[in-house]
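S.K.: Those protein sequence lines, which keep their order, are chains B and W. Mapping to my numbering: the first sequence position 275 is 275, numbers consecutive. In short: position in the second sequence from 1, add 895, done, that's my numbering.
Careful, some of the hints might be misleading.
Stated by the list, open to error - Derived CB-CB ranges, DEER-like:
1. B:E475 to W:K1735: 51 to 57 angstroms
2. W:K1703 to B:K584: 21 to 27 angstroms
3. B:E475 to W:A1548: 47 to 53 angstroms
4. B:K584 to W:T1121: 31 to 37 angstroms
To be verified - No farther apart than 25 angstroms at their CA atoms in a straight line, the calculated lysine-lysine pairs in the BS3-like style are these:
5. B:K808 to W:K1379
6. W:K1695 to B:K666
7. B:K637 to W:K1532
8. W:K1703 to W:K1567
9. B:K637 to W:K899
10. B:K655 to W:K1376
11. W:K1636 to W:K1604
12. W:K1291 to B:K800
13. W:K1059 to B:K800
14. B:K162 to B:K202
15. W:K1561 to B:K672
16. W:K899 to W:K1223
17. W:K1013 to W:K899
18. B:K637 to W:K1604
19. W:K1567 to B:K666
20. B:K672 to W:K1695
21. B:K655 to W:K1532
22. B:K178 to B:K162
23. W:K1291 to W:K1556
24. B:K661 to W:K1695
25. W:K1379 to B:K666
26. W:K1291 to W:K1320
27. B:K296 to B:K317
28. W:K1703 to B:K666
29. B:K637 to B:K614
30. B:K672 to W:K1291
Note that these hints are calculated values from the structure, not bench results. None of these values were measured; they are calculated from a predicted model. Glycine included, every Cβ here is placed at the ideal spot set by N, Cα and C.
Number of protein chains: 2
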Amino acid sequence: MSEKRVYLFREGNATMRDLLGGKGANLAEMTNIGLPVPPGFTITTDVCTEYYDNNRQVPSALMDEVRQAVADVEKNLGKKFGDASDPLLLSVRSGSKFSMPGMMDTILNLGLNAETLKGLVANGGDERFAYDAYRRFIMMFSDVVLDVSKHSFEELFGARKKAKGVKLDTDLDAADLKAASEEFLAFVESKTGEPFPSDPWKQLELAIEAVFRSWNNDRAIVYRRTEKIPDEIGTAVNVQSMVFGNMGDDCGTGVAFTRDPSTGENSLYGEYLMNAQGEDVVAGVRTPVPISELEKQNPAIYKEFVEIGNKLEGHYKDMQDLEFTIEKGRLFMLQCRNGKRTGPAAVRIAVEMVEEGLITKEQAVLRVNGAHLDQLLHPRIDDVYVTDRNILPVTKGLAASPGAAMGKAVFDSDTADRLANAGEKVMLVREETNPDDVHGMLASQGILTARGGKTSHAAVVARGFGIPCVAGAEEIEVDLKNRKFVVNGHEVNEGDIITIDGSTGELFLAQLPLIAPDVSGTFGTLMEWCDEYRRLKVRTNADNPRDSQQAIEFGAEGIGLCRTEHMFFEADRLPIMRDMILAKSDAQRQAALQKLEVVQQKDFEGIFEVMDGKPVTIRLIDPPLHEFLPSHEELLKEVTELEIAAHMTGGEAIKTVLEEKQTLLKAVEGMKEFNPMMGLRGCRLSIVFPGIVEMQTRSILGAAIKLAKRGVKVLPEIMIPLVGHVNELRAVQTQLENVAKEMLADSGTNVEYMFGTMIEIPRAALTAAEIAEYAEFFSFGTNDLTQMTFGFSRDDAEGKFLGDYVEKKILPTNPFESIDQTGVGRLMRLAVEEGRGQRKGLKCGICGEHGGDPSSIYFCHEIGLDYVSCSPFRVPIARLAAAQAAINEKQAVKA
Amino acid sequence: MSEKRVYLFREGNATMRDLLGGKGANLAEMTNIGLPVPPGFTITTDVCTEYYDNNRQVPSALMDEVRQAVADVEKNLGKKFGDASDPLLLSVRSGSKFSMPGMMDTILNLGLNAETLKGLVANGGDERFAYDAYRRFIMMFSDVVLDVSKHSFEELFGARKKAKGVKLDTDLDAADLKAASEEFLAFVESKTGEPFPSDPWKQLELAIEAVFRSWNNDRAIVYRRTEKIPDEIGTAVNVQSMVFGNMGDDCGTGVAFTRDPSTGENSLYGEYLMNAQGEDVVAGVRTPVPISELEKQNPAIYKEFVEIGNKLEGHYKDMQDLEFTIEKGRLFMLQCRNGKRTGPAAVRIAVEMVEEGLITKEQAVLRVNGAHLDQLLHPRIDDVYVTDRNILPVTKGLAASPGAAMGKAVFDSDTADRLANAGEKVMLVREETNPDDVHGMLASQGILTARGGKTSHAAVVARGFGIPCVAGAEEIEVDLKNRKFVVNGHEVNEGDIITIDGSTGELFLAQLPLIAPDVSGTFGTLMEWCDEYRRLKVRTNADNPRDSQQAIEFGAEGIGLCRTEHMFFEADRLPIMRDMILAKSDAQRQAALQKLEVVQQKDFEGIFEVMDGKPVTIRLIDPPLHEFLPSHEELLKEVTELEIAAHMTGGEAIKTVLEEKQTLLKAVEGMKEFNPMMGLRGCRLSIVFPGIVEMQTRSILGAAIKLAKRGVKVLPEIMIPLVGHVNELRAVQTQLENVAKEMLADSGTNVEYMFGTMIEIPRAALTAAEIAEYAEFFSFGTNDLTQMTFGFSRDDAEGKFLGDYVEKKILPTNPFESIDQTGVGRLMRLAVEEGRGQRKGLKCGICGEHGGDPSSIYFCHEIGLDYVSCSPFRVPIARLAAAQAAINEKQAVKA
């Protein structure tokens, strides 16, 4: 490492974030565009790496470079570090590439000791100010560098105030603060066994090392894990000359955004305090004043600040988050960075900045992310309200279906339905839901369950219908009999109002104000721009006309996955389905199939009508048949009980029921599987029992022919699931194509239809060329493909070890949320290439849940899929991600 | 198709099996080496294909070529086809590339009609012979060509014998046979509405077509499916001049093998009948005479025949199966082919032929197959005894562990153990077995279960211990209470003797003679030769010293898979294991782990001692922990019953038991998984609960250090299962390497150990390069790799659809028996290549059950694995297959 370790602010610029960290790069940039930045320098992130590589030793040559840089600052300001007459004081701050607010340590007023203190007083600070700075410095330095906890100092300071009978720090005078400083120094020495370091250079060296050390404190590690910031990039250290906002009434400090971070409105937004330090603003002892007040209080400074804001926005071409200090009537900029913002603000700022000519449409599209849109598309809890009142969630479950909802807790679906019809807003609270609950779920504002994961019935149905849902909130205990639930000691009775946030999994025992989604105006404009850039088409996963309509309004260009079995789970169909499965004769089975054909044809008619002119991919039956039967465990319990009852009473009635249940139990046992995920389902079912898919094909073509005759353009794409070997596809497809051809010939109508397959079994991907001989399209079922490529049963893994895996960094992310590009992605890429090698232009899409995940969508773009398909409410996010993928690709080509 | 459709025998040769079929090629070869073959010709298999491609029409030009060929035969013999004075009669026989004995149709004596009959009489046949030939021809032709069933003719003929009051055909005289012929002709006309075709050329054309047609009769199709003969290769038709073994006492017919097909002894073996046609030998009306008698009866013919036999063996360099006919003192060869033989014969013949200088050692190795060796290594039922007495199995289950066994049926393990100790041979019959049964299984000759597949507990344990086992014999109903089982109407009580054949899955309700395995002499020689050629090493799967010793005797060069969890299932360890799993505190868990460590270390000491100097791959714990706990269902039933009992009696004792069981049920429920195959097991378990594998590593190294100090050479290879992501391996391996290093350092001993991983998850194969950064060896777990690549749960698939799949030709074979080279094999090949790309010379082996399957072993050789590992009794088969793979490769390179 012979490279430069220290950069003066004037030597850096905004592009050097990797080396100087975000804060350092921006301080350099501001310095170079001529803004009033207190002079200073940055020690690079490489030195941090060097520190850790070198067994936590600061490289010996560093301090020489630091001394040179300090000399430059001294020259610039005409002050001397450690000078007793006019001392230069420094702040030492961390600053990594990515913002980690409050996670690492900061030391202010560095350079103070008994000598320099005098110089501070001599140069315009009064004694009170000086001792206040000194006692703060001792506390901060001891806490950060010497491992003497801040709390001890606060206790000492509190005792002092108590002794004097005052409450506020400001009630202490210079003498008090001087005494406090001395007490602090003595305390430090008693704790560490050594005097507090008074040599400013020693202070500086220790402070720099402490900042490096703080990169690996516990809270920083946790924060990086959460925010997916790499551990190895390290932090820079910014050493800057101090300016003071608390040297009198011509001083002040504040923070501001160049636009409203909550709404995106283009007007300066922020607050400040006169005669205060930054930490006073944060501590909330005095209430800051809106930034607009500054215009009245000091129009010149205000004007200067507005101009700086405009200059920075123009320079960075993004909304800026600014920190400033006014020292004796002079404005200093201490920090600027791109401001964080809400979803609505992100969209509005991006679109308006294009209209203002500040950025291009492409830049605007890249500046909004999926989480921003998600906020726009669902109601959300009013953050300000919750933060102001410090309202905490009572528990947290899984964020199963996004959006916030509020309503009266009810404990069964009939009640939910009844109350909703009477105009009440209700929240359905269940141990877990089952197919019998669908009407109650539809009637509710939101759904809360105690058990089940993100693929549980409640979660899947809720997402399908766009209803907010918190699932698997294991801390709640539902007591259906007494119509209440208990959570962490709180009791919630039927009718009590609760609020859930399905985007975070939080449950609040209160009525919270919700902010309605807003999809008008700038959102529409942004979506139009997305559509100009993207190459990927966006389809939706929908099983009914309502969802299909919703998805079209969000811009869906077709259905990528219509799960036909959902139709069989509905209350009026389940008994017919069961009759079919349990049929004792072929005639019984045929009769049930015919009934199902009639209802399923009606379902398809509804969907085709809505999707007029847009393709509809229909997946033939996929789950194992036992999913349609009662649970084995419940039956086993029931039969055991009935056996004992029958044995004891000998009653005929009981015997009859027992026999019935025994027969059913036997049927269920016969169909039981060790690993149902990998058992008799999908096309395997169709090969062993061809009747169901023949029925489904007839109902699809029946609906298509009927609507085609009415002039509706129907484009069915019939999808055969769980193919692992080309012969499976060939067998099923041949049989069904015969059915289709015959029906079309009989009808005298023409319907453009296709047959294709899911690629969801590793072997299908590995033999894609063979499969593409028959399949007219591929649709990646990345849920199952991920399960089998990893050997993870999602239902088991998410509850039992996937959390551990992500936490322990065994896996970078949950592969069911973002496609594992290395493993699963390799299979996908191979299947696309080899499939298209066999069948030129083979249509390839994705219908797994990854189809709504931005990073997965980028990958789908990269490997050349034709479309992604996702739930209706993810459609806008998919349009955005698809556009971003295309723009990034274009830019990469240019670069 | 302008090619030659008809080949005279002298125009063909033995290499033309594809075109002329096996029989035709051999007839041509015999003709060309100067043997007395009745002249004739062969219509090629291509014509059969042409026939089917052409909508079952015989190509029009065929009969012209046939006429030319017949003319050649006529010229050769000086007879004319259809000539009334000295007619040429023909046989028309099928003959495909692969032998399909009795599956297709044959017509003899073709060319007979009212006119030619006279010529037959005139030329040495008497009248009775001629009419006998005629009536046989009419029957055969009508049956085969005209679809008039043979049975009708047999009924007519039977009635005639009855009317005359005789029993044997030979009691009918010429007049009777003439009358019968006329009756047959009239019957045919009444059935078909047309006269029986008298034109010899018409007869010939119809017969040829009938042979083509018979390629697709039901029994031929079924046979091909069983024997895996492709459907599309078609049959040739052999047309040959008739010779008669039934024209008088100087005539005869017989079949013989050049060596004993049962033992392999080098002496002519066969039987014959004088004055008889081939079908008389088969029909069993007269008892044939051993071929040695011919030497006395006709020394000249015998000598000629022996010389022909020697000539053919010398020519084909293999044991021959011969058919011959003696017509009026002249010997004719009608067929020769390589003779089928038993396993012992195959080995002896191969080895002795090398000693005789007839074939090379390489050829000898290629001539024996795995099934042959399997017969040698296990007791088998005496085929001759069973065939002679026409003894049929009463049912068939799964061939779960090879070999035959015989003993008294017993229904529980304690009884089995007790009786065996008293010197009885017992057969354990169970609904299904569980870990508690192991002692009874070990005490039994064989095991029969009503439920469970080839991976059931019974099957896995039986194979492990080399005990014959028939599993999943679903037709047997075990009635434990009454100590009997019922199967297809038969009742078998405890103590009744039964015989099972674990190589076929058959159950016999009888005491059958068993032939003991014979692994001496030529077997040893052959195995030595195998070892000279093979490149692949052969290891064994063994978990205890007994199996390890057995495997070494069979030639194992190491252990490729020692499953450590089997050790925990044993009766004395299971309770400790349960204590460990259900531990309420860390102290309890540690105590149980320490107990396990002690017993497991002893296990390893035993194995290492036996394996002195040979590598031992030890797989760390793999199954989910709930496998060690009682079944959820049984507990649920028990708790339900106890709840009712407690409710009714209110007794304290019951309540205590209930609470205990409830606690256990809750624990079992908590660990229950939807798809345990893809749940919390393998290295996932080790990441979530690191204690178990740490204990295992300590016990492995503890044993190794102890033995190393005693001078035993220990080479442990510690294998981490179920890795899907390199980080899983890294995490577990790092932790365990620390344990190992520390123990070795403490002990001051050096042990060469390695850490490696199973490749059994598709993602592991796809990311092999990353994984090889850490893994020092790969072992392909092709059972799980097949499950996940196909998405097949083996436990479910084999019972529910895999049978259907193979029968319907969706899959060519069961992929759990032979590696699916296209899909699973692609992943293996990729993993070997990319793994070795990362780590040069990476040791790669296979430890799935495929390691004992010859075609899978060929594949393992092809992709460059270092070794295969299989159960002890498969080791010789693996050595053979490995040698064959190497020889075939060498020959392919030369060619």
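S.K.: With reference to the structure, classify each hint as holding or not holding.
M.R.: To see whether the hints hold, each was checked on the structure:
no., hint, result
1, B:E475 to W:K1735: 51 to 57 angstroms, "holds (54 angstroms)"
2, W:K1703 to B:K584: 21 to 27 angstroms, "holds (25 angstroms)"
3, B:E475 to W:A1548: 47 to 53 angstroms, "violated (36 angstroms)"
4, B:K584 to W:T1121: 31 to 37 angstroms, "holds (33 angstroms)"
5, B:K808 to W:K1379, "violated (56 angstroms)"
6, W:K1695 to B:K666, "holds (16 angstroms)"
7, B:K637 to W:K1532, "holds (6 angstroms)"
8, W:K1703 to W:K1567, "violated (35 angstroms)"
9, B:K637 to W:K899, "violated (75 angstroms)"
10, B:K655 to W:K1376, "holds (24 angstroms)"
11, W:K1636 to W:K1604, "holds (17 angstroms)"
12, W:K1291 to B:K800, "violated (41 angstroms)"
13, W:K1059 to B:K800, "violated (86 angstroms)"
14, B:K162 to B:K202, "violated (35 angstroms)"
15, W:K1561 to B:K672, "holds (22 angstroms)"
16, W:K899 to W:K1223, "violated (36 angstroms)"
17, W:K1013 to W:K899, "violated (35 angstroms)"
18, B:K637 to W:K1604, "violated (58 angstroms)"
19, W:K1567 to B:K666, "holds (21 angstroms)"
20, B:K672 to W:K1695, "holds (10 angstroms)"
21, B:K655 to W:K1532, "holds (19 angstroms)"
22, B:K178 to B:K162, "holds (17 angstroms)"
23, W:K1291 to W:K1556, "violated (39 angstroms)"
24, B:K661 to W:K1695, "holds (24 angstroms)"
25, W:K1379 to B:K666, "holds (23 angstroms)"
26, W:K1291 to W:K1320, "holds (22 angstroms)"
27, B:K296 to B:K317, "violated (28 angstroms)"
28, W:K1703 to B:K666, "violated (28 angstroms)"
29, B:K637 to B:K614, "violated (49 angstroms)"
30, B:K672 to W:K1291, "holds (24 angstroms)"
When held up to the earlier numbered hints, the structure conflicts with 3, 5, 8, 9, 12, 13, 14, 16, 17, 18, 23, 27, 28 and 29 and fits the remainder.
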